[in-house]
Structures are given as C-alpha cells and as structure tokens.
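Participant: Here are the chains, one letter per residue:
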Amino acid sequence: MEKFDKLTSVAAPLPLINVDTDMIIPARFLKTIKRTGLGSDLFSTLRFNEDGSDREDFVLNKPAYKDAEILVAGDNFGCGSSREHAPWALMDYGIKCVIAPSFADIFFNNSSKNGMLLIKLPQEQVDKLMQDADQGANSTFTVDLEAQEITGPDGEVIKFEVDAFKKHCLLNGLDDIGLTMQKDQKINDYEERQKAAQPW
Amino acid sequence: MSEAKTLYDKLWDSHIVDQQDDGTCLIYIDRHLVHEVTSPQAFEGMRNDGRSVRRPELTLAVADHNVPTTDRSIRIEDDESRIQIEALEKNCADFGLELYSMNDIRQGICHVVGPEQGFTLPGTTLVCGDSHTATHGAFGSMSFGIGTSEVEHVLATQTLLLTKCRNMRVTVNGALPAGVTAKDLILAVIGKIGTAGGTGAAIEFCGEAFTSLSMEGRMTVCNMTIEGGARVGLIAPDETTFEFLKGRPKSPKAGAWEAAVEFWKTLKTDDGAVFEEEVVMEASDIKPQVTWGTSPEDVTTIDGNVPNPADEPDENRRNKMERSLEYMGLDAGMAMKDIKINTTFIGSCTNSRLEDMRAAAEVAKGRKVADGVQALVVPGSGLIKEQAEQEGLDKIFIEAGFEWREAGCSMCLAMNADKLKPGERAASTSNRNFEGRQGPGGRTHLVSPAMAAAAAIAGHLTDVNDLD
Ligand code: SF4
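So the protein sequences, as listed, match chains A and B.
So the first sequence is residues 1 to 200, counted in my numbering.
So the second sequence is residues 1001 to 1468, counted in my numbering.
In short, the hints are calculated from the structure, not lab data.
Hints are supplied without guarantee of correctness; some may be wrong.
[As the list claims (entries may be wrong)] Derived lysine-lysine pairs resembling DSSO-like cross-links, with alpha carbons at most 27 Å apart:
1. B:Lys1010 x A:Lys195
2. B:Lys1090 x A:Lys34
3. A:Lys31 x B:Lys1421
4. B:Lys1164 x B:Lys1265
5. B:Lys1164 x A:Lys166
6. B:Lys1010 x A:Lys186
7. A:Lys195 x B:Lys1246
8. B:Lys1010 x A:Lys166
Here the structure is a predicted model, which is why all the values come from computation and not from measurement.
Whenever a hint applies, use it, and build me the whole structure from the sequences.
Facilitator: See below:
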C-alpha cells in the first residue's frame, strides 16, 4: 500500500451530495481484472459528453483543477456499491484525499485500504473549504496527516479527526493481511472453540 | 451495567478473535460468497504474495453479474465479460474453491444462491464483495458487503478487521395493507430515513410488518438495507426461518439440526437492550411505492406526484432534485401514473425469487404487455427457474408477451448484454435507480414485482388495482 503523510495540492470543489459509486465509476467499466487503468473513466458521465469529448463545465476538466489531488465534496460521498474500483479509479486519476461532511461506510473502508485519506468535517467547515476550493489555481491546500491539520489557501488551519489505527497504517503504508497473519495462533484458537460449540 | 444485548451485539461478540486497544476487532468470518467482478484483483494479490486460501470449504463462488440471460451454449460475445468469468473459473480451480459454473442448475445471483443452498445460516458472519450482501441478514446472519482488499483478507485469513456499528432499530407495527409488499415496505423505510440514514449502523427490523413476511419478503427488505446507508440489516430468526432452511443441501443435517435450532432460538435482542437510534412506523400508513429520481430515497406513492424542487428549502437537496428531474426527463408536479415506460425488468437479488415470480405472473395472467414495451423476467437462480416452470409460470409470462430468461443479474446493472439505451425508461424491481445504473442514459423507476408487471401491461406506471 502507498504511504500517505503530507500532501500539498490544488483542491477541486464538487458540491454535490450523495455522489454514488456509479457516478465515480459506472458498472460498465468494472470489467477489468486489474486494479490499475480506471482513472481514465473516473466520473465518466459527469466528465465526458456522449461523443467522448470533455464537458467543459466539469470541475476536473477546468485547467486550474486538472492536477488536483484533493477533492472537496458534499454529504454521503461514495454511497452505493461496494466496488473498490471507486477508490481505485480516484487514486489512478491522482486523487489522494477527499474532504466531505460524511462518507458511505464501505467506501470509507475501501479507501483507507488503498492509501487514500478521507477527511470528515462538520458541514460549516466543509462549506468554508468549498469556497476556498472555488478559487481555481489559487486553491492550494496542505493536508498533514501526522499533525491532523489542513492548511487552506488563506493560511487558516483546520484540525481533523482520524482513527488511530488507520492513521498508523496510512503513515506507514501497512498491509492489513500481513498484520493479521501474525495473529494466526489466535485464529486457530477461535476455530477450535467454535468447532466444539457449533459442530454443524 | 446492564447485560442486555441486541441481536447484533450477540453476533458481534461471538465472532471476536482479537480486540485492539482502539476497539478495532478481528472478526471471524464463517461464510464467504465470491463472484467474478470484485474478486480477480484479490486472487491476483494472493498469487503475488504466494498465499493460499485458509479455509477453502467456507467459500462458495458463482458467476452472476456478467452472465448472459439468453442461450448459454453460445460463446459470450463481449470479450471482457467472458474474461472475468474465465478468470473466476481458473481462480476457483487454482485455489480449490467450490464454484457453480454457468451451466449448473444451482447457478444464479449469489445472494439468491446462498440462502437457497442453506449456505446462509443464522448466527453466522457472512461476507461478499458486493453491497447487497445485507440480504442474508434476513436469517439473523451478520452479513455485509466488503471491498476487494477485504475479499483478499478473508481468503487469506478467514477474518476481517472491523469496527463495530451502532445499533439502530426500525419497528413497523401492524399488518401491511392488502397489495402492499416487502418492496414497498423497505422503500417506505428508505424514504423516511434517507440514503444516509443508516450510515454507520446495523439495523434490526422489528414488528409485525416484518415478522409476518415470508423469508423471500424478509430478504427483499434486508437486501435494500444498504440503500438506507446501513451495511448490516437483521431480522431475528424464528420458525419461518427454520422452516425455510430445513433440508437444504448445506443446512445442518438430522442430528445436528436440533442442536442448531436450539442455538438459533437464542438469537434475538434481549429485553432492555439499548438501541442508539429508533425509528417507528405504522404499517397501515404504507402504500405501494415508486421512485421518481436517481436515488432510492427519491420515493413517493403510486398515487402521488413528482415533487417540485421549488418546495425544497435545502439548497444542496434542491440542486440534486433539479438534476434528478432533468436526468429522468420528468416535470415537477406530474402524476406518477402518467409516466410512460418502455421497459420492464423483473429480477435482481431484490426480487427474483419464486414468490416474486408468482406475484408478477398473477398480474400477467390473461393480459398482454402493451405495444412497444419490452418486458424481461429473470429468475434469481436456475433452481427457481425450474420450479417456476413446473408451476407453469413461464407459459403465463410468455403468453402475455414477457421474455423468460436464464438466471443472472441481468438488467440490474448494465454489465451484461441486458441494458437500457439512452432515454429509455424502465419499471424495475431492482434496487438502484442511480444515473446510468441500468445503462448509460437509462431511466429507472423502482417498484415491486406486481407493480412492474402492471406497468408492462398498462405501458405506464400504475397501481395493480387499476388494471382492467
Ligand atoms: S442483482 Fe444487481 S444488486 Fe444484486 S448482486 Fe446482481 S448486480 Fe448486484
């Protein structure tokens, strides 16, 4: 897994609520058997016209935001499917951090397992950052995971909460499976107990 | 401190392998369903790291999302669909997993197949790389959808690292009025709590409206828990549950059966257990439901009207509503019953079980599908198809002008050949009306099987009771 520590980038505003996983990456693009390459279809319906050309009104198509690595979005971001293709598509495109008032549960889990940082903030603070992000090329944010701080373009600092274990894994790029395998004995013990109690 | 526990607490506590200081738990996973879309990258990861599957007998695999619902003897035209199915076959062979292949009569949608085989059991933890895994909660199983990294984690370790959800209870008192189905019930609940209402929660469904449902109906309810934002939806097991499971191929066999039932009977919320959140509704208030927008919470009654965004005070919601109506090609205020459709889809893990087939057939019987409407009926498994044919349901559908298909996800999600074309409008028994869900530019109205069949016949959304 990729490490996440500190990130400085332009932030793109996406002031939509309930951005669902079909908007992030429609099901018809899930036919790959690899994790990579999905970035080109990220936000496909919002981003492209029917003939495949760019929709000029979509934020990531505006020159100022082309290289944005941070997204500021509305409530309930990532709702819908369990497809990990959603964070894969965001990461593959280059988005490493999303800030929103709330996220759907499965999407939230999937994202941190791929090294993407999701930051949940109260609505007023997201509204403020949304305004900041609206300043085009001047909307540079710095996200510091160690300090749990976002510094906005006006230098104002906003603190954020993050689960201690997730933070540890993100900062060190740790893979869950390796960590769990160290607990093999505990899993064996559980299996023995369960087999005795529920033999069916 | 009170020791009273909710059903969810009991399921959680009995599966803890290890607890970390921050409260994160390593939870044992008893059952794992695998399908072709969300698993290839997990197997790729296993191979790269030289890992093997810890307990292969606890995983069951089936291809459902990409399978054609027409003649299966013909090679699948779409290369990518075929490659995903072939990859699943190869992965199952390499890692020693049981797979119901495309031509096996047991093949079908994973959430239909699990319960049908008795693979889904009360008191277990069950996961699948698919958000509608919540379906299995109908049996009192702690079941939830996971991402591909977690699929790999389960394959390798038979556990998952999880944080506990909060407890939420949705109680619907009284009996459902005639003509109101499990689908209407869950759509009404989502309409009330919203698509984020259950975020972070495990919902237990209580009250007569739920307990009087068949297992099919309970599965429809729990299936759409995720549309209410919750990963887990539960109904406590009871006689209906035991009756359904008895004699299924993977259910406990005679001898063990009695002990299992004794244990399952303890799986209910204790008196005095605390729920962080409670929602109470009356069944008598619920009418047949239909969605107008592009989120499952955009729901109204069949005798209702398309809402007017101008009446919505919240700016974000107003914008979303305007966008939905534009996408759906609807005008504010128009009567739901005036919305013309050109496609009907009866199927998906929400509504493709025998009871659903029967409900739709009852409406279709002796009637004709309206001119210009394409109507698909897609059973949830090969076994359901066979049973329906024994009852003659296929003939009723075909005579009425419906197409009778092979089992699979079909038009639920536009990954196989069954999809809406831009601008086409469907009355659909599936679970998601997101933009493009049933095909780019396609427009979806979520309804019950009886209402979908009625719409096919009338050519527009309609109340079953209004048909001649
Ligand atoms: S029927 Fe639809 S919702 Fe159910 S598993 Fe298949 S694609 Fe997912």
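Participant: Against the structure shown, which of the earlier numbered hints fail to hold, in ascending order?
Facilitator: Per hint list: zero violations.
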